[in-house]
Amino acid sequence: MSLLEVKNLKKIYKTRFGGQQVEALRDVSFEVEEGEFVAIMGESGSGKTTLLNILAALDKATAGKIILQGMDLSAISEKKVANFRRDNLGFVFQEFNLLDTFSIEDNIFLPLVLAGNNYKSMRSKLTPIAARLGISELLKKYPYEVSGGQKQRAAVARALITDPKIILADEPTGALDSKASDELLRLFGEVNAMGQTILMVTHSAKAASCASRVLFIKDGEVFHQIYRGEGTNDNFYQKITETLTLLTKGGNK
Amino acid sequence: MKTFFYPKLAWDGIRKNRRMVFPYILTCICMISIFYILTFLASSETTSLLPRGGSTASTVMALGCLVIAVFSVIFLYYTNSFLIRRRAGEFGLYNVLGMNKRNLVKIITHETLITSVISLFFGLLVGIILSKLAEVGLMKIIGADVNYNFRVNPTCVMITVFFYVAIFALIWLSSVIKVSRSSAVSLLKSDKAGEKVPKANWLLGLLGAVILGIAYYIAVTIDHPVAAIAWFFLAVVLVIIATYLLMIAGSVVLCRILQKNEKYYYNPKHFVSVSSMVYRMKRNGAGLASIAIIATMVLVMISSTSCLWFGTKGMIESRYPADINFTFKFTDNKGLDEERLDNLRKAFEDFGVQNGAETEVVTDMSYWETSCVAKDNKLDVYGDFSEFNEIANMRDFYIVPVSIYNRYSGKNTMLNDGEALVFSSSGDEFETVILSAGSFNESYKIVDEGEDKFFVNNYLSSILPQMVLVVPDFDFVTNSLVQAMEEEESAYFNYEWHYNFDVKCPSMNDFDYAMEVKAAVSEVMQNDPEIAEESYLYFDEREYESVEIMSFNGSMFFIGIVLSIVFILAAVLIIYYKQISEGYEDSKRFEVMRKVGMTSKEIKTSINSQLLVVFFIPLLFAGVHLVFAFPMIGKILNLFGLFDQKLFIVTTLISYVLFAVFYSIVYKVTSNVYYNIVSDAK
Chain A
1 MSLLEVKNLK KIYKTRFGGQ QVEALRDVSF EVEEGEFVAI MGESGSGKTT LLNILAALDK
61 ATAGKIILQG MDLSAISEKK VANFRRDNLG FVFQEFNLLD TFSIEDNIFL PLVLAGNNYK
121 SMRSKLTPIA ARLGISELLK KYPYEVSGGQ KQRAAVARAL ITDPKIILAD EPTGALDSKA
181 SDELLRLFGE VNAMGQTILM VTHSAKAASC ASRVLFIKDG EVFHQIYRGE GTNDNFYQKI
241 TETLTLLTKG GNK
Chain B
1001 MKTFFYPKLA WDGIRKNRRM VFPYILTCIC MISIFYILTF LASSETTSLL PRGGSTASTV
1061 MALGCLVIAV FSVIFLYYTN SFLIRRRAGE FGLYNVLGMN KRNLVKIITH ETLITSVISL
1121 FFGLLVGIIL SKLAEVGLMK IIGADVNYNF RVNPTCVMIT VFFYVAIFAL IWLSSVIKVS
1181 RSSAVSLLKS DKAGEKVPKA NWLLGLLGAV ILGIAYYIAV TIDHPVAAIA WFFLAVVLVI
1241 IATYLLMIAG SVVLCRILQK NEKYYYNPKH FVSVSSMVYR MKRNGAGLAS IAIIATMVLV
1301 MISSTSCLWF GTKGMIESRY PADINFTFKF TDNKGLDEER LDNLRKAFED FGVQNGAETE
1361 VVTDMSYWET SCVAKDNKLD VYGDFSEFNE IANMRDFYIV PVSIYNRYSG KNTMLNDGEA
1421 LVFSSSGDEF ETVILSAGSF NESYKIVDEG EDKFFVNNYL SSILPQMVLV VPDFDFVTNS
1481 LVQAMEEEES AYFNYEWHYN FDVKCPSMND FDYAMEVKAA VSEVMQNDPE IAEESYLYFD
1541 EREYESVEIM SFNGSMFFIG IVLSIVFILA AVLIIYYKQI SEGYEDSKRF EVMRKVGMTS
1601 KEIKTSINSQ LLVVFFIPLL FAGVHLVFAF PMIGKILNLF GLFDQKLFIV TTLISYVLFA
1661 VFYSIVYKVT SNVYYNIVSD AK
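Protein sequence lines, in the order shown, are assigned to chains A and B. Under my numbering, the residues of the first sequence are numbered 1 to 253, in order. Under my numbering, the residues of the second sequence are numbered 1001 to 1682, in order.
None of these hints come from the bench; they were simulated from the model. Please note that a few of the clues may not be correct.
Restricting the straight-line Cα-Cα distance to at most 25 Å, the calculated cross-link-like pairs of lysine to aspartate or glutamate (DMTMM-like) are [what the hints assert, rightly or not]:
| # | chain 1 | residue 1 | chain 2 | residue 2 |
| --- | --- | --- | --- | --- |
| 1 | A | K7 | A | E145 |
| 2 | B | K1518 | B | D1417 |
| 3 | A | K141 | B | E1591 |
| 4 | A | K14 | A | E36 |
| 5 | A | K80 | B | E1602 |
| 6 | B | K1269 | A | D87 |
| 7 | B | K1595 | A | D234 |
| 8 | B | K1263 | A | E137 |
| 9 | A | K65 | A | E137 |
| 10 | B | K1595 | A | E171 |
| 11 | B | K1601 | A | E78 |
| 12 | B | K1595 | A | E78 |
| 13 | B | K1453 | B | E1317 |
| 14 | A | K65 | A | E23 |
| 15 | B | K1595 | A | E105 |
| 16 | A | K60 | A | E137 |
| 17 | B | K1595 | A | E23 |
| 18 | B | K1604 | A | E23 |
| 19 | B | K1595 | A | E31 |
| 20 | A | K7 | A | D87 |
| 21 | B | K1313 | B | E1358 |
| 22 | B | K1504 | B | D1540 |
To give an idea of the interface, some chain B residues facing chain A are shown, with a C-beta separation under 7 Å as derived from the structure [to be verified]:
| # | residue |
| --- | --- |
| 23 | Y1078 |
| 24 | S1081 |
| 25 | I1114 |
| 26 | E1262 |
| 27 | Y1264 |
| 28 | P1268 |
| 29 | S1275 |
| 30 | Y1279 |
| 31 | K1595 |
| 32 | V1596 |
| 33 | G1597 |
| 34 | T1599 |
Backbone N, C-alpha and C define an ideal beta-carbon position, used for all residues, glycine too.
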């Protein structure tokens, strides 16, 4: 059984006064196996972010199902959804979303504190993660004192510390320079190699080339998918850009 | 088309920012109308309608006007600088889009023009309409006759217009300077300049606590009314400084201490709240301190002036125990013997009989009066009164023969030589006293008279505490004292006789009666050359005097209400702007918290608890300030002749409760604005 199954997902937005309808997702289906690193690509407006928001339980689908380890997301009550998100999902955002009122350490602790963990157990979880992400020295600093790359690593630490079933990353390299991007992608690769499932939305071919599989979305549907197979990153990058070109030309399946 | 470009932009700017600009205009309107009303009430046209004592009311109104004027300048300036800061981004955008500084200045000029004209127009309109209401209110409170003619005072309109045009010009100038000094980029970014983590400033926090301690110590240890006035202002200044220090630095220190405690801090209930509070307090510390100060001011004003007003009757009765109160002063230690006193009493009675009046004697008492410094067990009539630090030991000193004491206390106390009774309104207690004046020293053993106290006529109205010494050898003591004091030119002493009586006379009013009986009695005194030289007499007619007291207390109460309204209005505006600016800043945080797994409910609870703390802090501070100010204000009220402690407690409590209720309502309403902003952003 797959870790995550997405079946015939559909999302229609209505404008505020009920006039026009916008179909963000028409019919999206795919599966993610445990330990996979999947990238989702598509142009702006293709429905990537909508998909991620629905996966993150921040938004509700109009139709279709999302099943995480046998649990149906749409069946979870509104009350429990935040707890569900906290216990099962880790998030990495383009804008980092670190709270400026907290030190880096407290930002990483936030999900655990909300879950009611005690300080000792939080600390013992933090130490190895911080070491792995190379932020042990920064823990007492505040977000405004560190660089973008460091902020993003802190955000990754926050996502990892709850030991989530899947990490959802929304354009994680979008706000980083190329060096920090490479560093982050390398970390993602490492984390994935240790068995962490990652689902990343991106429109950087470079970022996508680190994944083990890339899904292409166009006009609210999964248009195409390619596997890395045994190829190198460069090889895979080549394949991705070719597919993207095809995508923009408007070719058919 | 082109000519209307700037006015249109300015009008759009105002409309788009109505959430912030409308309350500002509303405040301007209120300030202007209240300023007009007070100038109107202070004007001679209005005071001419008042009975005698109108000048007191006029002075009080003019003082109130001055307070409003100063407050307007500070407060409108502060509010406007907040508005400009909030709108810097908009000006930056215009700048980037190709407007130069001159164009921006034009927009600001037009905006200032629009807000000023609207404020002045409606401010004066409301002021003129309400001035009649205010006048009637003042007349009712003072107890004067109300008329219903509607008047507009052009001079007052002119003064108001000139004054507020000057304020608006000043505000305009500061906006122009602020905008023209900054670059486009800094304008664009000024409302999101990165916020540093507030550093806990232990020194300032501690300093605040120490200063507050000193201020409170001063407030509670002052036991003398005159000293209270002198120290009051120092205490007020210290309290204001301490409040700002504590709110700005002390609160951050407190949060830091809480954060150090891992068990407390890493708890879902406290984690977010405590860390956000640090920022909230840093941003709002000054605002909260201002609210606390304003709240304290309002409470002090309302509780004391309402106490004066409701205590007026008691005040008049204690100061003027009878309808007509005669005082005879003799600069001779002997005064009058009983035979001469009887002559005078007879003159009073005869006059009453001749005019068909019913009279009833309330007080008929004589004693020897001076001041003394009471130190240890020495009552020094020769004390150095010019020394300020002796002021706490100064007493109004009365020496009363034991016969008079027995007559008025209804007792039958026998005093042997070397024995005396002492009564002190300030609670001094002695076992022996030494009565001293230069070379003269006489010591007495004090006889205990239990709980019953004895004071001479209307002691309540005197500034200094009263001390009464009842002696058996009255003539000997007074003779010796006079002898010793004759060498001292500035020595003050006299023999007084008080003769107070109620009167009911069909043919004339009390005042005329008093005038005429005075003439009759004076004639009797003139016929006795021995006393004519060294004596004088005067009277207080209760009705006549009470007009003055009513007028003063009434106008104080009135101005207390008006100023309270203005100050509360200012506090409301500060709270409102605080909620708005917090709303905009918190909405971003709100979104992040939701994304990392907080439920909306958790966020709401956390925000609510923070808002509640922020809400209660100023109220708490105001309450504590009020408690410590209480004894001091009580002393100052003594100076105004008010001694009803119970009444003051009641008015203070009622003021506090009313204020708390009103404050809660305002907070509830402005919280809604906050929630709207936070949920809009989502």
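Report the numbers of all earlier hints that the structure fails to satisfy, in ascending order.
Numbers 1, 2, 4, 7, 9, 16, 18, 23, 24, 25 and 27, in rising order.
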